[in-house]
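Undergrad: So the chains spell out like this:
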Amino acid sequence: MLKNYFKIAWRNILKNRFHAVINVSGLSIGIAFSLLIGAYVWGELQVNKHLKNADNQYIIQSKWKDPNMGYEMATLGPLAKELKEQYPALVANYYRFDGITSSVSKGDKHFRESLQICDTTMLNMYGFPLLYGDPKTAFKEPFSIVITEEKANKFFGKTSVAGQTLTIESFSGTKHDFMITGVLKNVTENSVQRVNSDNNNQFYIPESCLKFFGRDINQWRNLYVASYIELQKGVSPEALKKPIEQLIKANTPADISNNLQPYLVPLKEYYLNANNGLVKKMLYTVSLIACFILLMAIINFVNISISKSSSRIKEIGVRKVLGGMRKQLMTQFLIETIILVCIATFFALIIYSLANPFISDVLGKQIPKLLSFPLSFALLPAALILFIGLLAGIYPALVLSALKASDSLKGKLVSIKENILLRKSLVGFQFFTATIVFIGAIIVSKQVSLFFSKDLGYDKEFIVSAQLPRDWSAQGVQRMRTIRNEFASMSQISNVSLSYEVPNGANSGSIPFYVEGTDTTHTVATQSLTTDEQYAETYKIPLKAGSFFSSPYNANDSLKTVINETAAKAFGFSDANEAIGKKILAQGGQPITICGVTKDFHFGSMQQQIQPIAFINVDLGKIYRFLSFKLKPGNISATIEALQNKWSALLSGAPFEYTFMDDTLKKLYQSEIQLKKAAQAATAIAMIIVILGVVGLTSVSVQKRTKEIGIRKVLGAASFNIISLFLKEFVPVILIAGVISVPVAYYIMQGWLNDYTYRIPITALPFMISIIILGAITILLISFQIAKASAENPVKNLRTE
Amino acid sequence: MIELKHISKWINQGGKPNFILKDINLKIAEGEFISIMGPSGSGKSTLLNVIGMLDNPNEGEYIFLDQDVYKMKEKHRSQLYKTHIGFVFQAYHLIDELTVYENIETPLLYQDVKSSERKAMVADMLDRFQIVGKKDLFPSQLSGGQQQLVGIARALIAKPRLLLADEPTGNLNSKQGEEIMELFTQLNKEGVTIIQVTHSEKNSEYGSRIVHLLDGRIERNAVPNI
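Chains as they are written, first to last, in our numbering: chain B, 1 to 801; chain G, 802 to 1027.
Keep in mind that the hints were calculated from the coordinates and are not lab data.
It should be emphasised that the depicted structure is a prediction, and the values quoted were computed from it without experimental measurement.
Treat the hints with care, since some could be wrong.
Said to hold, decoys possible - Under the rule of at most 20 Å between Cα atoms (straight-line distance), these lysine to any residue pairs were calculated in the SDA-like manner: (1) B:Lys-7 / G:Leu-938; (2) B:Lys-404 / G:Gln-891; (3) B:Lys-314 / G:Thr-900; (4) B:Lys-15 / G:Asp-937; (5) G:Lys-876 / B:Gln-328; (6) G:Lys-883 / B:Arg-326; (7) B:Lys-3 / G:Asp-937; (8) B:Lys-404 / G:Gly-853; (9) G:Lys-883 / B:Gln-328; (10) B:Lys-7 / G:Lys-920; (11) B:Lys-7 / G:Asp-937; (12) B:Lys-327 / G:Leu-938.
Next comes chain B alone, as it looks inside the complex (with noise of 0.2 Å):
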């Protein structure tokens, strides 16, 4: 019975060669990308799930008033420690690491790393496996360093590294060799190894190396240390919540302890949900718009096998006659459709490993390869096709068993015309969705440009950076100022800045300033960006008032700062001019006067309010990390290049790994980014699943409907006035589904755009775009294959009935 169906369903599949085609091809699409979209989530629901005691590992994060004034992320240095040694009945492990880059040469090797100097805790608290090297010994010795195999393969290239040498720079320019003595197997993505996407730290110093790199996290003013704590078993968060408000209390100053508020966040929650849940949010969207293809493409098999239907009546007439129970009927109209899914899922299985690279780089994360799956997993494409067959034959199975057979036999259609309605219904939501994530798309990629705009407050363009070698000392900067000197008369570049920050939103920390004159209860609490008075002129940001330092250098401006305007609005001068010699200072620091005031730019994303931000001189912070280059328009490779020699005889031993500012500014962006990608992904393949869906339903309509072609044209019509007949069937529903996506998307978009202070007005040319671009293509295919229908000689079709 069994094998009867298959070759029926099979017989049938051949005879219908070109709508199983257009099944098969919008199915296996609309599977591949669920099965690319699913394997994407479920690698990211992996994060931190494979940790040692994952269920009692905890970060601790800071919650502060202002929250300019310390890191989310990091927390006071002690803290951590001191929780697990005051209170080891609740606490039964602690970690924490202060993440810094430096080079790490090997022999000619040099690269900037980052590296994360860690307590000793890290190898045994969560498990991490060791290829070479034993975890209880790793960290004895100073100067040891754990790697991971990435970068042993990197370095060595090979793995078998363990008591290999690596040299490291401190930030006082000093070099030191490390001897490896453990060598990390790679593990699945956490939140230990990588806090976030900027703190990719592959190499694993002890703390007791602190010293050498001039660092120290055993302080409590020190806010900028990552912590995580592991609880005793059945120990829940808030009983901590006390114990850590007694040690700040204890240990910290009224302005931190007033404004600080440590809280614990499982680690296996913490991925998904840092930064406002934008894992998460990532992951919702792109499951949804999964779902929302795949329930397209089983919309169109829904939709041929109905229209499709009519051709089979006589055989369920039959068949009913011969004595098959509509059960059985069925039965055999689903192993038709799990036949056709089956085939669906082996090109999409093909399409997944095709599309991988792709679909990985639209969303900035590696997806599982097929093969590296768990093997029970096999069983998944099973379950889907067994889903996806049930889904989309269900439907016509009922249908078309349902018809009677005295009915069949006679080929009435009764029962198969009620359902045109439905089906419009069904072709309507392909449309409204196509359109809404046509006109998300649109929307998207139009904020993100705004990212990228002259609205940015600077000028990006010809702008690289590279990261310097440190030296964080007066004599330090002094030689960076040299330096830069000398890149600047190269021919090649208008101008090069030394500073701490280049604008992607990560500064040195806040600095709570008040005005000279009036009181702490004044503060302002603003962003320090450290660099020299080259700053404005290479990032070319306007100045308001003042001047920006002075140039040509003067030695004497480092107790002189330069605020912008939002700062001086901030500081509550009423114009830019007045704030010109005012004076502000922090709590027990020297006072430095205001000589200049910008423009207000984008420093960060905009998705933030402009912060208010005072440029503190290099001279005076003595802290520095990029030279950033404004390059002469020209050929751009022929002038890295010159910088490129220049900088390896300027400072022979440091990596020259450049940065342009689009590139910077890409990874500020990121998810805005990718979001973008897979939003235009999105709509390509919705655009492709609902052209297919067209056609078939089309060539349906025309093969019913081939008679009343030949009779109307031999009754003296034009080929234009056929098309216009088929048109009417499809242009009504695209127009309603079209005013129906409208108020839908601009929901969903105001939504998305109000996360961002700064954003683009939503106009009418978005949904415009998209429904006309959605209807004119469905129109030219309708009336290209009309066309050719009814180009064909009318008596030839009315024979054929």
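Assemble the complex: chain B is given as a structure, and chain G must be docked to it using the hints.
TA: For chain G alone, kept in the frame of chain B given last:
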């Protein structure tokens, strides 16, 4: 074998019932060969469908092999129908996607006959109708007469006691028609009860009794006047 009591079927048109069958009373004994005649629209096919359990009347009682058909459970009725009734159509109604062999085999599939048994039964049938050579052909590759032969073979494969034929020769030329009628006579002699709907005076005379329908009523019910 069959007893129809007060069978009526109508459709409502403009609020008034329009009768397709009106108060049909008919008894058919096992082994009869009945021809149903009448002009177009007189209800012949509907009556045949009612007897074949493909259609339900609005009113009346139907006794088939001493069982009240309309009081039976759906499953039981379908079982009864599957095992005892075979159908032959004017337009043959073979399944285009199946070969001759598979078409004949289909009723057996729906009766869960074992594979080896099926093979033997279909082979017998092919042999009997001398269409062994055609068993792997599809219906579209056969002539009308051959298709109808397959249709009859399919109707007989499950060894039904009642064969219902709706204008079985309507699409055939007279020679082919005659052959089919001869076949029916032969079958009838072997004990199969046959009810055929026909337009042809000549074919009706193969039957042992002719039922004349007019406007949904039985007008005349007589033995042919040979």
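Undergrad: Next step is simple, just say for each hint if it's right about the structure.
TA: We went through each hint and held it up to the structure:
Our distance criterion of 20 Å between C-alpha atoms is met by Lys-7 of chain B and Leu-938 of chain G, whose separation comes to about 15 Å. With a CA separation close to 18 Å, the supplied pair Lys-404 of chain B and Gln-891 of chain G stays within the 20 Å bound. Among the hinted pairs, Lys-314 of chain B with Thr-900 of chain G is consistent with the structure: their alpha-carbon atoms are about 16 Å apart, no more than 20 Å. Simply put, Lys-15 of chain B and Asp-937 of chain G have alpha-carbon atoms about 17 Å apart, close enough for the 20 Å limit, and the pair holds.
For the given pair, Lys-876 of chain G sits about 13 Å from Gln-328 of chain B by alpha-carbon distance, which is consistent with the 20 Å threshold. For the hint linking Lys-883 of chain G to Arg-326 of chain B, the alpha-carbon distance of about 13 Å falls within 20 Å, and the restraint holds. The hinted pair formed by Lys-3 of chain B and Asp-937 of chain G meets the criterion: a straight-line CA distance of about 17 Å does not exceed 20 Å. At roughly 13 Å between alpha-carbon atoms, Lys-404 of chain B and Gly-853 of chain G fall within 20 Å of each other, so this suggested pair holds.
For the suggested pair Lys-883 of chain G and Gln-328 of chain B, the alpha carbons sit about 14 Å apart, so the restraint of at most 20 Å is met. Our distance criterion of 20 Å between C-alpha atoms is met by Lys-7 of chain B and Lys-920 of chain G, whose separation comes to about 17 Å. Straight-line distance between C-alpha atoms of Lys-7 of chain B and Asp-937 of chain G comes to about 14 Å, which keeps the hinted pair within the 20 Å bound. Using a Cα cut-off of 20 Å, the hinted pair Lys-327 of chain B and Leu-938 of chain G is violated, with the two alpha carbons roughly 29 Å apart.
Comparing the model with each earlier hint shows a violation of hint 12 alone; every other hint is respected.
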